[in-house]
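J.: Could you put together the complete structure from these sequences and hints?
As given, the protein sequences belong to chains W and V, one line each in that order.
The numbering of the first sequence is this note's numbering, which starts it at 68 and goes up by one.
The numbering of the second sequence is this note's numbering, which starts it at 68 and goes up by one.
Just so you know, not all the hints are guaranteed correct.
Same chains, same names: a pair is fine if it fits in one copy or spans any two.
In silico lysine to aspartate or glutamate, EDC-like type, Cα no more than 20 Å apart, as pairs [said to hold, decoys possible]:
| hint | residue 1 | residue 2 |
| --- | --- | --- |
| 1 | Lys141 | Asp97 |
| 2 | Lys343 | Glu269 |
| 3 | Lys73 | Glu264 |
| 4 | Lys358 | Glu92 |
| 5 | Lys200 | Asp336 |
| 6 | Lys358 | Glu342 |
| 7 | Lys261 | Glu331 |
| 8 | Lys190 | Glu222 |
| 9 | Lys73 | Asp336 |
| 10 | Lys343 | Glu110 |
Rather than coming from a laboratory, the hints here were simulated on the basis of the structure.
Single-letter residue listing:
Number of protein chains: 2
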Amino acid sequence: MQSIMKLPPKIRLMEVGPRDGLQNEASIVDTISKINFIENLVEAGLKRIEITAFVSPLWIPPLADQYEVALGIKRVPGVSYAALVPNVKGYERAVAAGVNEVSVVVAASNTHNLKNLNGDTKKVMERYHEVAKRARQDKVPFRAYISCGFGCSYEGEVAVSAVLNLASKLLEFGAYEIALSDTIGVASPLDTMKVLEAALLEIAQDKIALHMHDTRGLALANIFAALTLGIGSFDASAGGLGGCPYAPGASGNVATEDLVYMLEAMGLDTGVSLEKLCDTSLQMEKILGRKLPAKLIAGRRTVRT
Amino acid sequence: MQSIMKLPPKIRLMEVGPRDGLQNEASIVDTISKINFIENLVEAGLKRIEITAFVSPLWIPPLADQYEVALGIKRVPGVSYAALVPNVKGYERAVAAGVNEVSVVVAASNTHNLKNLNGDTKKVMERYHEVAKRARQDKVPFRAYISCGFGCSYEGEVAVSAVLNLASKLLEFGAYEIALSDTIGVASPLDTMKVLEAALLEIAQDKIALHMHDTRGLALANIFAALTLGIGSFDASAGGLGGCPYAPGASGNVATEDLVYMLEAMGLDTGVSLEKLCDTSLQMEKILGRKLPAKLIAGRRTVRT
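T.: Here it is, written out as structure tokens:
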């Protein structure tokens, strides 16, 4: 088996803790702590970081300081500071705040879009078409998440064809990468392989990323399954920050440190310093006042307290 | 990839929560709660349960009530109630208490054996040879763990040949199954495959089990890697009970409910009721007064408190 696996030649990570993580935490983190957090993540070696969302503070109160964060961070050359945007207005605000790259999210479930994105799938995709046009004009990299890619809390099972239809449209719009997202953390490794094998028939390997939530503890197993198919781009959240809006108390994104440990242990270089990353997560843990789920910080936490 | 994977035809689980789990918890659980715990695990559908260890209470104080537990549980036909034994004396006590099957543990690290098993590897194996002879005479199933099979906190890397030498001797002694154990939770999925692929050259598939600790969050990824090689026998601990004596605060065995979720989501039947199992873990969580690491109980915990 080992000999026939197509492990990816290169690993790319997208750190989503400051956005997807903090957006789903019960406590709101102050702006200075967010800026320190992002700067420390960069120092730990992360090269792509989603720092905030340019969405109305009415929709996402924890990210109301989007401008202050984006303008406050010390920029390091070679690092992409990304932000989620819901529409052209958000796009303009993000770019005005000096964001390097933008991302959009659409669910492979019409009900989910209606309930969370203020429009059906068609309407949401029209908005993103406009965002994509502007991003192309401005030469701003454009990335897309397809949420509920492995199941939806409203609609249940999601057809792979629905995921791939959205993916091909978003690629036509100009997305440099599609992050297939298990928003509710429901996929098994076989589900992951099923979706990826179908995707690989239509989409180039280096345009596919995986964004897994660890709600049921399967994120790393799913990522390993993806690695065996040559997928090398993964989203993760420092400390495993975040949660699931549909399951209070549940885990958030896969923890960056646990993912980095797995990749490095498999001989796949990430460029990330585990020591610095764990220190960064432990600082955020103190600010939030709750234990973060990353496994790798447990030993260090005990040593320090 | 999916088409070439050799998923196992049948899943066998060994629930080790009452022994490996409770042995490594900071709080000592009272005997009646242990008996309820074991009976509830059986009701949830688990068919093999390691209920305690017949080791001196001086060595493992949390399991000092080994007799009371073994004699106190209501037996259900078709369920194997196993116990860990260190030597013939422990074996005799276990059998006297009505245990159906015995297990022994030896590390693939001489230093680990010297420090934890009161003898070097040779001496420990001599003891187990005696245990195995008695078990064969009495027709008591005999199972063996090879601990530190993927690395050792004293010796670092462990040679695969050291693991396989022990395995072949234990099989000669009459072990019906060898549980290759990642005691310190250090293996990556590739390490798991490397050891298993070597093992499968010498040992029949149905004599190999995997006993993974989730110290770094990789247990399920490793188990998925094993499933792709046809391995179908796994140890797990309800709620993810337990810990690692070498890393305070770290996770214990892989959580039975998370493992069962993954297997069932892959279409592999376990015969376990997730609902009953989660309820059982949540009861134990209340008794211990700490949140257990199983992901699957997070949502249920929130609903109930």
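J.: With 20 Å as the alpha-carbon cut-off, assign the pair Lys261 and Glu331 to within, between, both or neither.
T.: Close across copies (16 Å), not inside one copy (26 Å); limit 20 Å.
J.: With identical chains treated as interchangeable, where does the CA-CA distance between Lys343 and Glu269 reach 20 Å or less: within a copy, between copies, both, or neither?
T.: Neither: 38 Å inside a copy, 42 Å across copies.
J.: Treating 20 Å as the Cα threshold, decide for Lys343 and Glu110: within, between, both or neither.
T.: within (8 Å within a copy, 46 Å between copies)
J.: Could you figure out if Lys358 and Glu92 sit no more than 20 Å apart (CA to CA) within one copy, between two copies, both or neither?
T.: both (12 Å within a copy, 18 Å between copies)
J.: Is the C-alpha distance from Lys200 to Asp336 at most 20 Å within one copy, between copies, in both cases, or in neither?
T.: neither (34 Å within a copy, 49 Å between copies)
J.: Between Lys73 and Glu264, at a C-alpha cutoff of 20 Å, which is it: within one copy, between copies, both, or neither?
T.: both (13 Å within a copy, 17 Å between copies)
J.: Please sort Lys190 with Glu222 into within, between, both or neither, judging by C-alpha distance up to 20 Å.
T.: within (19 Å within a copy, 60 Å between copies)
J.: Give the relationship of Lys358 and Glu342 under a CA distance limit of 20 Å: within one copy only, between copies only, both, or neither.
T.: Close inside one copy (18 Å), not across copies (26 Å); limit 20 Å.
J.: Within a copy, between copies, both or neither: where do Lys141 and Asp97 come within 20 Å Cα-Cα?
T.: Close inside one copy (17 Å), not across copies (56 Å); limit 20 Å.
J.: Reference check for the pair Lys73 and Asp336, CA-CA at most 20 Å: within, between, both, or neither?
T.: within (16 Å within a copy, 29 Å between copies)
Comparing the model with each earlier hint shows violations of hints 2 and 5; every other hint is respected.
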